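Participant: Take a look at the letters that make up each chain.
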Amino acid sequence: MNKQALPLFEVFIRSKRGLDHRHVGSLHAEDPEQALDYARDVYLRRSEGVSIWVVRSANITASQESDVGSFYDPMDDKPYRHATHYKLPKEVDNM
Amino acid sequence: MTDKPRGIDPRMAGFNEKVANDQRIEPKDWMPDAFRKTVLRQMSQHAHSEVIGMQPEGTWITRAPSLHRKVVLLAKVQDEGGHGLYLYSAAETLGTSREEMENALHEGRAKYASIFNYPALSWADAVAIGWLVDGAAIVNQVSLQRTSYGPYSRAMIRICKEESFHQRQGYEATMVLARGSKEQRAMAQDALNRWWWPSLMMFGPHDSESAHSGQSMEWKLKRESNDVLRQRFIDQTVPQAEFIGLTIPDPDLKWNEECGHYDFGEIDWDEFKQVISGNGPCNKQRLAHHIRAAEDGRWVRDAMHAHAQKQNKREVA
Chain U
1332 MNKQALPLFE
1342 VFIRSKRGLD
1352 HRHVGSLHAE
1362 DPEQALDYAR
1372 DVYLRRSEGV
1382 SIWVVRSANI
1392 TASQESDVGS
1402 FYDPMDDKPY
1412 RHATHYKLPK
1422 EVDNM
Chain W
318 MTDKPRGIDP
328 RMAGFNEKVA
338 NDQRIEPKDW
348 MPDAFRKTVL
358 RQMSQHAHSE
368 VIGMQPEGTW
378 ITRAPSLHRK
388 VVLLAKVQDE
398 GGHGLYLYSA
408 AETLGTSREE
418 MENALHEGRA
428 KYASIFNYPA
438 LSWADAVAIG
448 WLVDGAAIVN
458 QVSLQRTSYG
468 PYSRAMIRIC
478 KEESFHQRQG
488 YEATMVLARG
498 SKEQRAMAQD
508 ALNRWWWPSL
518 MMFGPHDSES
528 AHSGQSMEWK
538 LKRESNDVLR
548 QRFIDQTVPQ
558 AEFIGLTIPD
568 PDLKWNEECG
578 HYDFGEIDWD
588 EFKQVISGNG
598 PCNKQRLAHH
608 IRAAEDGRWV
618 RDAMHAHAQK
628 QNKREVA
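Quick note, the sequences are listed as chains U and W, same order. To convert a position in the first sequence, counted from 1, into this note's numbering, add 1331. To convert a position in the second sequence, counted from 1, into this note's numbering, add 317.
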């Protein structure tokens, strides 16, 4: 049996009801159910969460570091998307 | 099912306990059907409001008085589309589909905020919407950040972060008009006259008349009552109007020293009922536009689907 062949899963934990699941790490497993078991054994040893998501790493489509320009550049010249762009007198500034 | 234990369903007890302890209910949790139905109704109505709400201001994007005002309005209307997306996605965690929600809207089975059935007649209206309508929405949404359904609460937190810009740009542009020429000032006052009362109606009927309020408060879906939220909006908005020399169109409006709030006149609930039941000035137009936009965009979705299929075929080959 070749352990290297086991697919990689990304693990996400919801630390508390009401919060988003957050990425905590990854692990190898045969299938999603086994990945859940492993994730519980590894990442939830000290009540770190109330819910686990596992997803095959191969199913994640990610942007590349080199794409960063095209994702973020156009926003720098759009300061009007921010609340702080609108200067109001101090009497009404609490808005 | 004859050997079902007597007394309260243990799943119901678990649900009640979570709610009582201010815990959020998450999508995979068991929840009573009535709760699921109510959250779904509220979230789909909220999502539809964001999207239909793009229309009154949207008509002013090409006619805004300067390039700056155009890009600001465009950015705001784009945000509203995004807010619709957050809310539709949150609603989909309950097992419904986007298509089903859209069909319900088109067939008149789902509602949206009645205020968007009023027209934005002038540029002053377009910016009064930001100040008043977004202002009222923020009061409601800040409260809903603590709603008991997790995905709804998280969508509200995200939306509130973005809303402040909407209200500030509206108020700032109203301030420019109010401090401008006599005609500009009159435009700003006229917009306030027409948008004030519909804004107050956004909070819904009085608590004593509200059909769903009691149960929603018990479930902590709603955290504060319609009347409490409406009063908060009035208390914060009246000084904003006074500061720029505009007059709130309510002869009964008066500061009540004793309770520390403004007293205000009675809302025209007949008008509210008329607009909600489809007889507002723009109900038909809003829905027709939404349906037309969906139809006009169909070729784009078809083309994208055809492209994806072609790519898949290539990968398989």
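Incorrect hints may appear among the rest.
[What the hints assert, rightly or not] Using 25 Å as the maximum straight-line C-alpha spacing, the simulated SDA-like pairs for lysine to any residue come out as follows:
id: 1; chain 1: U; residue 1: LYS1421; chain 2: W; residue 2: TRP572
id: 2; chain 1: W; residue 1: LYS537; chain 2: W; residue 2: ARG353
id: 3; chain 1: W; residue 1: LYS335; chain 2: U; residue 2: ASP1351
id: 4; chain 1: W; residue 1: LYS537; chain 2: U; residue 2: ASP1351
id: 5; chain 1: W; residue 1: LYS387; chain 2: U; residue 2: PRO1410
id: 6; chain 1: W; residue 1: LYS354; chain 2: W; residue 2: SER406
id: 7; chain 1: W; residue 1: LYS354; chain 2: U; residue 2: LEU1350
id: 8; chain 1: U; residue 1: LYS1347; chain 2: W; residue 2: ARG540
id: 9; chain 1: W; residue 1: LYS478; chain 2: U; residue 2: ASP1351
id: 10; chain 1: W; residue 1: LYS478; chain 2: U; residue 2: ARG1353
id: 11; chain 1: W; residue 1: LYS537; chain 2: U; residue 2: ARG1348
id: 12; chain 1: W; residue 1: LYS590; chain 2: W; residue 2: ARG603
id: 13; chain 1: U; residue 1: LYS1421; chain 2: W; residue 2: SER406
id: 14; chain 1: U; residue 1: LYS1347; chain 2: W; residue 2: LYS537
id: 15; chain 1: U; residue 1: LYS1418; chain 2: W; residue 2: SER498
id: 16; chain 1: U; residue 1: LYS1347; chain 2: W; residue 2: GLY412
id: 17; chain 1: U; residue 1: LYS1418; chain 2: W; residue 2: ARG353
id: 18; chain 1: W; residue 1: LYS537; chain 2: W; residue 2: LEU411
id: 19; chain 1: W; residue 1: LYS345; chain 2: U; residue 2: HIS1354
Derived by calculation from the structure, the hints in this document are not laboratory data. In this text, all values refer to a predicted model and were calculated from it rather than measured experimentally.
Participant: Hint by hint, note whether the structure agrees.
Facilitator: Against the structure, the hints come out as follows:
no.	hint	in the structure
1	U:LYS1421 / W:TRP572	holds (22 Å)
2	W:LYS537 / W:ARG353	holds (13 Å)
3	W:LYS335 / U:ASP1351	holds (18 Å)
4	W:LYS537 / U:ASP1351	holds (20 Å)
5	W:LYS387 / U:PRO1410	holds (14 Å)
6	W:LYS354 / W:SER406	holds (16 Å)
7	W:LYS354 / U:LEU1350	holds (23 Å)
8	U:LYS1347 / W:ARG540	holds (20 Å)
9	W:LYS478 / U:ASP1351	holds (16 Å)
10	W:LYS478 / U:ARG1353	holds (20 Å)
11	W:LYS537 / U:ARG1348	holds (15 Å)
12	W:LYS590 / W:ARG603	holds (18 Å)
13	U:LYS1421 / W:SER406	violated (38 Å)
14	U:LYS1347 / W:LYS537	holds (18 Å)
15	U:LYS1418 / W:SER498	holds (21 Å)
16	U:LYS1347 / W:GLY412	holds (22 Å)
17	U:LYS1418 / W:ARG353	violated (43 Å)
18	W:LYS537 / W:LEU411	holds (17 Å)
19	W:LYS345 / U:HIS1354	holds (19 Å)
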